[in-house]
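J.: All chains, full assembly: derive it from the sequences and hints.
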Amino acid sequence: MSFIPATKLLLRYSATATATYVEPSTALIHCLELAIERQSLKLTQQSHAQIMCWKLHQNPFIVTKLIISYATCQNPGQGKVVFGSVREKNVYLWNTLINGYVRNGEHEYAFQLFSEMCEGIVCPDDFTFSTLCKVSGEVGDIGVGKYVHGKCFRTGIALDVVVANSAMSMYLKCGSFCDSLKVFDEMPVRNLSSWNVVVNGYALSGELETIATVSRLFRLMDMDGVRPNVYTLSSLLPICGKSGYGRVIHSYIVRSEDLSSSSDVHLGCSLVDMYSRCGEVWVARQVFDRMESRNVFAWTAMINGYVSNGHIDEAVILFREMQIRDGIPPNKVSLVSILPACSSLAGLIGGKQIHGYSMRRMLNSATSFANALIDMYFRCGSICYAQRVFENENFLKDSISWSSVISGFGMHGRGRDAMYTFYKMLGYGIRPDMITLIGVLSACSRSGLVKEGIDVYHTAINEYGMKPSLEACACMVDMLGRAGQLKDALDFVQHMSIKPGPSVWGALINACIAYGDSETLELAYGVLIHLEPENPSNYVSLSNVCALSRKWDVVAKVRTMMKVKGLRKTPGLSWIDVNNQTHHFYVADKQHYCSELIYELLDHLSSMMKRVHIDFDLMNFT
DNA sequence: CTAGGGTTAG
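The letter at position 121 of the first sequence is residue 120 when you use numbering that gives the first Met the number 0, and the numbering goes up by one with no holes.
Calculated from the structure, these hints are not laboratory results.
What you are looking at is a predicted structure, and each value in this text was computed from that prediction instead of being measured.
Cβ coordinates follow ideal geometry from the N, Cα and C atoms, glycine included.
Don't take each hint at face value.
[Claimed, not checked] 25 Å max Cα-Cα, derived SDA-like pairs, lysine to any residue:
#1 Lys423 <-> Leu485
#2 Lys172 <-> Asn199
#3 Lys331 <-> Met358
#4 Lys351 <-> Val295
#5 Lys351 <-> Ser292
#6 Lys589 <-> Asp602
#7 Lys550 <-> Val586
#8 Lys351 <-> Cys277
#9 Lys589 <-> Lys564
#10 Lys562 <-> Asp588
[To be verified] What follows is a list of derived Cβ distance ranges for each label pair:
#11 Arg359 <-> Ser255: 41 to 51 Å
#12 Leu604 <-> Asp312: 33 to 43 Å
#13 Arg254 <-> Asp288: 19 to 29 Å
#14 Val80 <-> Gly142: 29 to 39 Å
#15 Asp288 <-> Gly83: 57 to 67 Å
T.: As structure tokens, then:
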């Protein structure tokens with residue numbers, strides 16, 4: 000794009016002027032429009048000079064354009080100077096000036112101009128108020144927002160669609176969805192934008208209450224004579240969860256010709272994401288394959304879908320295809336998505352390659368990326384690299400970074416290190432969240448640090464006002480149970496502030512099995528099966544326990560109960576990649592052609608481990 | 001003939 004000097008452009012106008020005369024003011028407006036389009040300060044200044052030359056600086060149209068032009072060039076102050084020299088300031092001029100400051104992020108000055116305007120002769124109009132509502136929303140101060148909105152009512156401007164829409168959006172941004180809905184309810188006329196704010200409000204507020212509202216929303220919109228557009232649907236899709244409404248929306252898109260032919264990438268991404276979240280990754284893939292164009296968002300959504308549904312190999316293939324076929328380089332988020340795949344593949348190499356790539360592309364300074372990297376190294380067994388990323392790499396550590404390190408240590412049985420990291424985090428004044436708490440507690444549990452774990456639990460409640468989640472409680476039960484403190488564990492379960500769930504009873508059961516408390520065991524199984532009558536794992540576990548104590552009649556009863564209920568448990572399996580071939584094994588599986596050799600080695604390793612264990616115990620007791 | 005609202009993902 001070549002730069003055209005203003006003077007040359009004006010000359011060109013003079014040349015054409017022989018054929019058709021062009022007003023100097025029209026020529027200047029065109030110049031300014033070009034300046035706005037190109038964001039050229041130079042062209043703006045040249046036009047300004049020409050305006051002064053031709054004495055057009057009182058022309059309201061030209062001056063308005065000039066102020067916009069300065070604002071687009073990040074010079075709202077220059078606009079203010081121009082504004083000051085205009086004798087008759089009309090409402091357009093005021094609005095333009097205020098808007099210029101808003102666009103440059105100078106919210107406070109915009110408010111100051113607004114109050115100056117209110118004291119003057121020129122009254123603020125609907126345009127002024129919509130702008131100020133937006134600013135209040137961006138500031139996030141509901142007090143200011145209510146003040147501005149209140150002023151709209153005196154003049155009846157509040158009923159204007161755009162003003163009301165801005166007010167709704169303002170309340171939403173200030174965190175008051177109900178004020179937003181109140182405005183919506185009282186609007187005499189609504190349009191698509193009004194509905195889009197409401198939909199967004201639902202999207203921001205919780206999930207479950209929304210589900211019932213989603214289908215109603217469609218009907219109500221239809222009754223209002225408004226059809227959902229791309230924005231409406233892509234805000235709606237992420238909150239559908241597994242409700243099945245996602246499919247309803249998809250079919251609506253397919254049926255509406257304008258929507259399906261728009262081939263909007265954003266909408267496609269939302270669909271891919273929605274189906275992935277529903278666990279229907281195959282459908283997601285079909286949507287993905289039929290998209291007309293795919294950007295990095297689309298590719299990442301699909302990769303993420305595969306990773307979160309456990310199709311690691313597909314994710315890796317797609318990660319390569321994105322770069323080879325479409326020439327799209329991965330960005331921060333693509334890397335964060337693929338990193339968990341590296342840890343599942345149990346190969347440190349892939350993760351290290353991503354780490355190296357991120358450093359070359361300078362993508363490694365992002366907190367979320369560093370956090371994923373730490374997690375990946377821990378999962379691949381490299382405590383050392385994980386620590387190195389945490390300590391040496393230059394990124395802003397958030398509570399997730401600390402939590403990753405804490406649970407990483409826990410994973411490897413390094414309870415003391417986890418505790419040390421936890422208290423260091425508190426020392427830095429960082430608030431722990433539920434994930435942190437669970438990380439510390441599970442670390443304590445695995446390392447037998449019962450007293451320490453209880454201390455942490457009480458610190459979280461008393462000093463940080465946390466309300467332990469079900470998982471956190473399950474960790475406590477697990478910790479007490481593993482240490483053999485069955486009475487305390489049961490006592491904890493019975494005095495929990497929330498209703499104990501399956502995970503809590505499950506933890507108690509494990510402890511009972513390990514320490515042979517058949518009385519508590521019976522109680523726990525009773526509750527667990529009552530809570531989750533459809534979970535096959537519970538029956539299998541119960542039957543195994545009974546088999547151990549040779550209660551064959553109970554075993555048979557449990558097995559028939561499962562059959563009657565039509566429950567089947569998919570057996571767990573493990574696998575390993577050797578020379579690009581995957582070998583998988585079930586429990587006591589003898590199918591593999593190297594079975595004999597494998598079991599021989601396994602026996603050898605177990606006896607070695609037992610010896611080490613004994614040594615370890617001896618060391619602890621002396 | 002000038003100015004305003006909804007949002008933008010993984």
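J.: Just pull the numbers of the violated hints for me, sorted ascending.
T.: 1, 5, 8, 9 and 12
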